[in-house]
Amino acid sequence: MDRQELERELRETFDGDPDLVPVVARQARDLSESDQFATDFGAELTVADVIRNLEDAPDDYGLAERWNWWLGALDLSHGGYARFSVRQDIDTTS
Numbered sequence: 020m021d022r023q024e025l026e027r028e029l030r031e032t033f034d035g036d037p038d039l040v041p042v043v044a045r046q047a048r049d050l051s052e053s054d055q056f057a058t059d060f061g062a063e064l065t066v067a068d069v070i071r072n073l074e075d076a077p078d079d080y081g082l083a084e085r086w087n088w089w090l091g092a093l094d095l096s097h098g099g100y101a102r103f104s105v106r107q108d109i110d111t112t113s
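Residues in the sequence shown are numbered from 20 upward in steps of one, following the working numbering.
No wet-lab data here; the hints were simulated from the structure. Treat the hints loosely; a few may be bogus.
Said to hold, decoys possible - Quick list of simulated restraints, FRET-style, between CB atoms:
| no. | residue 1 | residue 2 | range |
| --- | --- | --- | --- |
| 1 | Asp-38 | Gly-61 | 31 to 41 Å |
| 2 | Asp-94 | Ala-62 | 15 to 25 Å |
| 3 | Ile-70 | Ser-104 | 14 to 24 Å |
| 4 | Ser-53 | Gln-23 | 14 to 24 Å |
| 5 | Thr-65 | Pro-41 | 26 to 36 Å |
| 6 | Trp-88 | Ala-67 | 11 to 21 Å |
| 7 | Arg-22 | Glu-74 | 24 to 34 Å |
| 8 | Gln-23 | Arg-71 | 13 to 23 Å |
| 9 | Ala-101 | Ala-57 | 25 to 35 Å |
| 10 | Gly-61 | Asp-36 | 28 to 38 Å |
We put the CB at the ideal spot given by N, CA and C, even for glycine.
Construct the entire structure; sequences and hints are all you get.
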């Protein structure tokens, strides 16, 4: 999976926090390189797969929430996907 292509598609499709785009793209690349998706679904993970599945998330979700929503579904159905989740920074100023 081409990380730069995924970053471009994430920016264009979801117009989210620019700081989160590379984080989600890195996690997607890690997922792709793990071969877990290919093993579970019989095909390599593509940029189109990621975008299509993130588009299925609730409309009011941000990019990281969409990613975690999809991974949660994968984890429930197949197990082992939680390790690719994106954690939000903890607010230490309040």
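Evaluated hints:
{"no.": "1", "hint": "Asp-38 <-> Gly-61: 31 to 41 Å", "in the structure": "holds, 34 Å"}
{"no.": "2", "hint": "Asp-94 <-> Ala-62: 15 to 25 Å", "in the structure": "holds, 19 Å"}
{"no.": "3", "hint": "Ile-70 <-> Ser-104: 14 to 24 Å", "in the structure": "holds, 18 Å"}
{"no.": "4", "hint": "Ser-53 <-> Gln-23: 14 to 24 Å", "in the structure": "holds, 20 Å"}
{"no.": "5", "hint": "Thr-65 <-> Pro-41: 26 to 36 Å", "in the structure": "violated, 19 Å"}
{"no.": "6", "hint": "Trp-88 <-> Ala-67: 11 to 21 Å", "in the structure": "holds, 18 Å"}
{"no.": "7", "hint": "Arg-22 <-> Glu-74: 24 to 34 Å", "in the structure": "violated, 19 Å"}
{"no.": "8", "hint": "Gln-23 <-> Arg-71: 13 to 23 Å", "in the structure": "holds, 19 Å"}
{"no.": "9", "hint": "Ala-101 <-> Ala-57: 25 to 35 Å", "in the structure": "violated, 18 Å"}
{"no.": "10", "hint": "Gly-61 <-> Asp-36: 28 to 38 Å", "in the structure": "holds, 33 Å"}
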